[in-house]
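A.B. asks: Okay, here's what each chain looks like letter by letter:
Protein chains: 2
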Amino acid sequence: MYRSHTCGELRESNIGQEVTLAGWVQTVRKFGSITFIDLRDRYGITQLLFGETLNKELDEQPLGREFVIQVSGNVLERTNKNPNIPTGDIEIEVSKFNILNKAVTPPFTIQDDTDGGDDLRMKFRYLDLRRNAVKRNIELRYAVNRSARNYLHENHFMDIETPFLIKSTPEGARDFVVPSRMNPGQFYALPQSPQTFKQLLMVSGYDRYYQVVKCFRDEDLRADRQPEFTQIDCEMSFVAQEDILQMFEGLIKRIFKDVKGIDYTDEVERMSWNDAMLRYGNDKPDIRFGMELVNLKTVFEGESGNLAAQAIFEASGFKVLTEAETVLAISVPGCSEYTRKQTDELTEWVKRPQIGMNGLIFIKCNADGTFKSSADKFFDEEKLKNLAAICGAKAGDLILILAGREERTRKATSELRLEMGERLGMRRKDEFKLLWVLDFPLFEYAEEENRWVARHHPFTSPKPDHIPVMIGNDPAIKDAANYLSHPYANIKANAYDMVLNGNEIGGGSIRIYQRELQEKMFDALGMSKEEAQHKFGFLLGAFEYGAPPHGGIAFGFDRLCAILGGSESIRDFIAFPKNNSGRDVMLDAPASIDDKQLNELSITLSV
Amino acid sequence: MYRSHTCGELRESNIGQEVTLAGWVQTVRKFGSITFIDLRDRYGITQLLFGETLNKELDEQPLGREFVIQVSGNVLERTNKNPNIPTGDIEIEVSKFNILNKAVTPPFTIQDDTDGGDDLRMKFRYLDLRRNAVKRNIELRYAVNRSARNYLHENHFMDIETPFLIKSTPEGARDFVVPSRMNPGQFYALPQSPQTFKQLLMVSGYDRYYQVVKCFRDEDLRADRQPEFTQIDCEMSFVAQEDILQMFEGLIKRIFKDVKGIDYTDEVERMSWNDAMLRYGNDKPDIRFGMELVNLKTVFEGESGNLAAQAIFEASGFKVLTEAETVLAISVPGCSEYTRKQTDELTEWVKRPQIGMNGLIFIKCNADGTFKSSADKFFDEEKLKNLAAICGAKAGDLILILAGREERTRKATSELRLEMGERLGMRRKDEFKLLWVLDFPLFEYAEEENRWVARHHPFTSPKPDHIPVMIGNDPAIKDAANYLSHPYANIKANAYDMVLNGNEIGGGSIRIYQRELQEKMFDALGMSKEEAQHKFGFLLGAFEYGAPPHGGIAFGFDRLCAILGGSESIRDFIAFPKNNSGRDVMLDAPASIDDKQLNELSITLSV
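Residue numbers (the UniProt record's numbering), protein chains in the order written: chain U, 1 to 607; chain Z, 1 to 607.
Here chain U stands alone, though its shape is the one from the complex:
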């Protein structure tokens, strides 16, 4: 070993000892005939004191930032203690030093507030990883990993590795494929998830499975998506939904405790997908704050909204509202005194293309009991008062109303709610609120193809009560205009999402485990018997040999770490991430390959 101690280890109790340290030069501070150097390694920073003799040697062999050095010396008590770092009580009086490796000046400073831009830091990721801010993220990631493994182990889950070179069965997302040299013209696919394998493991009787595993999706990358990402992937046999919810809220609570020191003793809230959409306009609501949506008028899932409000709209003749499919409101607390400039800015905000509304109606519920609205023309004081009462607004609130097509309006109101919550400081990074969202629709309607698609994936079971509906009806949609009246439109999935602070951190379902039902599902998704057999014959086969009831969940590990680390960006929590074009700019990958390689793989480029 090049060291007797790490740079984070020495304390007052070590004073008087001869030690050897090795690490990186963080700073060099010369004071006349003596020099102080902060030496850094993964574990901390230790102050080195170079006295008069060595100071001269330092002049001959100057130490720059990020040089790697080894020093020996005596542990002294510091005269000027630094209470901010664990080694702040001591310093090393260096008797000998040795340059292990020099360093040229880094392209950016290795500090929390670095001067390096994003591109530069990605190119020199190995230097960016030295910064404390990034190091803490990677350490947190490991702590989450370790905590999850311990919990799952204690609950009898087994880590079983599933293959990476599998078969392409594109269903929703695109597969990354791998040409096979030994089987010319054939391809492996990289797994989008180990879904079918973990189900097979249940069929094989392994009872409880987990894996912290890389998955791959060849999607057009949106901000903060990665082509390769990590899941905490779990599956259990002989369970119903309730068993899964309890087991895995236990997992997240354990991670809170181990990683953040948080005792999450609150019961985890549960909400149906329907309620989440009605109350928050969103299937992953942030429930750290209220400001719930008031459904004044809607077509959502057969809801009509508030009839009294609609009577007021009719009476006022305000066509924007009478003709709108959906009218939604939120009451923003304490904002009744917003200025014209502020309400104009909010109007601009909802008109941005990302939100896409035509305008914003507001009602100020003034502290003195009067009302003021952007629609004063249509609503007299009495109507405004009634609307405010319908919205549950209190004096001092600012009611914001959006109107338009159902889907867009609901989404926009949800975004507006989150924005106002953010502006009012209601979304605190150090507050964590878990939520189970339940009872999702099993199917979504795909208009272009006039067929059903699986909302979760084709292996998700309907609610037990809904199985006969699924088995007993023809999935074909004869009347496209009225697809909502097809029996399949109301089938709910035995599925659940775990939501943390407005982010979906995990999702799963109780699976189909009967061949007949699985075949019906493939049929419902427009897959022919032959296609189903070609793609999933092994699973259909497995279900014939005694498949147990089973279900599971997968957590987005990158996202979970980011939220626990108080960040919006998963990239900060991945050691070697790719950029938004799927490139690794450090490696400069992907890249062209040799003709020899192409020939061996029996493929040619058609670029």
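If you are wondering where the hints come from, they were derived from the structure by calculation, not from laboratory data. Just so you know, these numbers come straight off a predicted model, no measurement behind them. Any given hint could be a false lead.
Which chain U residues face chain Z? A few, computed with CB under 8 Å, are given here [as the list claims (entries may be wrong)]:
# : residue
1 : Leu245
2 : Ala367
3 : Gly369
4 : Ser569
5 : Asp572
6 : Phe576
7 : Asp588
The beta-carbon is built from N, C-alpha and C at its ideal position, and this holds for glycine as well.
Take the given structure of chain U and dock chain Z to it, following the hints.
C.D. replies: Chain Z only, in chain U's frame:
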């Protein structure tokens, strides 16, 4: 939950309790009006007793092998206890049962001694995985995984995930590549190992890294090779070879303890590569038994072998021996009474194409002090006695002598030694002997290209003493015939292999961490400056910014598990393995993909 207890859980203390179990029907035994069923799950087997009433129900709803059922009933003390299973004291008097899923008759029996052939079991891997023999292997694998992680965690290693979609830098083995849709004509590669990433993590100051990680090599598959395999991959900073040896023999000892209950207190033996080759003819010797090679005549690494023996060969005029490049002998204990049939069979054994020798010479050292040889024509009693003394043979030994070209003869003698050890029961599956093999040559000579290739990989450092030899000499080989006299031929690597019972289970090295030396290495391997920059520019760059001394090791996880499980085959320890053509016969992968997929990837087939 479908159960109150597992099938492995109930004991005498549970007698009288009402319980619910769920699992698979292992066997059905009818005795007149009652029926016994063994119910199986991952945790064990519990006997169920169906009394008179239920027996009738069973007639209406017969339960077959591998049916999945749920039963409720009372825990009874068995009259006929089974001491062979942990639940053998009790049985369940079933009051209610419920078929959760039926099963058709499996294509082979789910038992230790199954009647299923290899192909059938691979196709129905999900059924094969139910067999106890396979389940034990998968459980052992998890135990090894868990033990390794715990040890590494306690020693401050961090699990840091490295990317799977990287850059193709074929060097030795072929890469699997992945066409990039978003970057037409460009490809990612799947990692052959995380080698460069773990080195970058050391440059980034992470100090101690590990990962249990999938790696990929597109090689022509030999028996028991897999295109995807798992490594326990580790790296440490500020270490010399001795630190690594101690840390990682600690890891393996911990695994022995946790997984096998073995206290491996012996010091782990160490041997130079040179000694291993001379004494065992093999760089991964099985040291559970002696029977070492006697180098009667050789050209290995400048050794001449035993001169007295060569004098005897000359005097006898036995051209097979006088003209051979190498003559090697082993003394097989207690086999002097081998019959003609037995020695003939051994002769045939060495003449098989896999061994490839022309013949075998033996000397029987009879118990009465006389000698008898297949070369009596050339050697009188006195010469045989002297040769036996040179070979260190005792009365009762059978000396086996092989002669021919150095490389083939050494390999053949090594194989013969292992074969004789096997036949004599000296290679016990329950005996474990570790060995470090050290001081490998840094380079191997590639005749076709008349250049050096890296024996380990291009990042392995020479022994510190040998660095000046490497830096100070031109790697070009001017005189191909005398490549052995080139200074590079004698450079030893700062590398180490861990050998367990004759299998290499891990290997690693102290790495190059200076840009100049790394460039010299690439130069020595015939890589141009441009090529080195294109392939490994990021690493050369990283070495400029303060790279610490570092080194590491990678263990072949599949192989390690197989040896600990007493098996020769890694396939038995992989949940979903591929066959020797790299196919997953269960999935039927690889497979053809859609033209749409090919088009999106901008590739066409040239099959």
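A.B. asks: If a hint holds in the structure, say so; if it doesn't, say that too.
C.D. replies: Against the structure, the hints:
no.	hint	result
1	Leu245	violated, 12 Å
2	Ala367	violated, 54 Å
3	Gly369	violated, 56 Å
4	Ser569	violated, 17 Å
5	Asp572	violated, 14 Å
6	Phe576	holds, 5 Å
7	Asp588	holds, 7 Å
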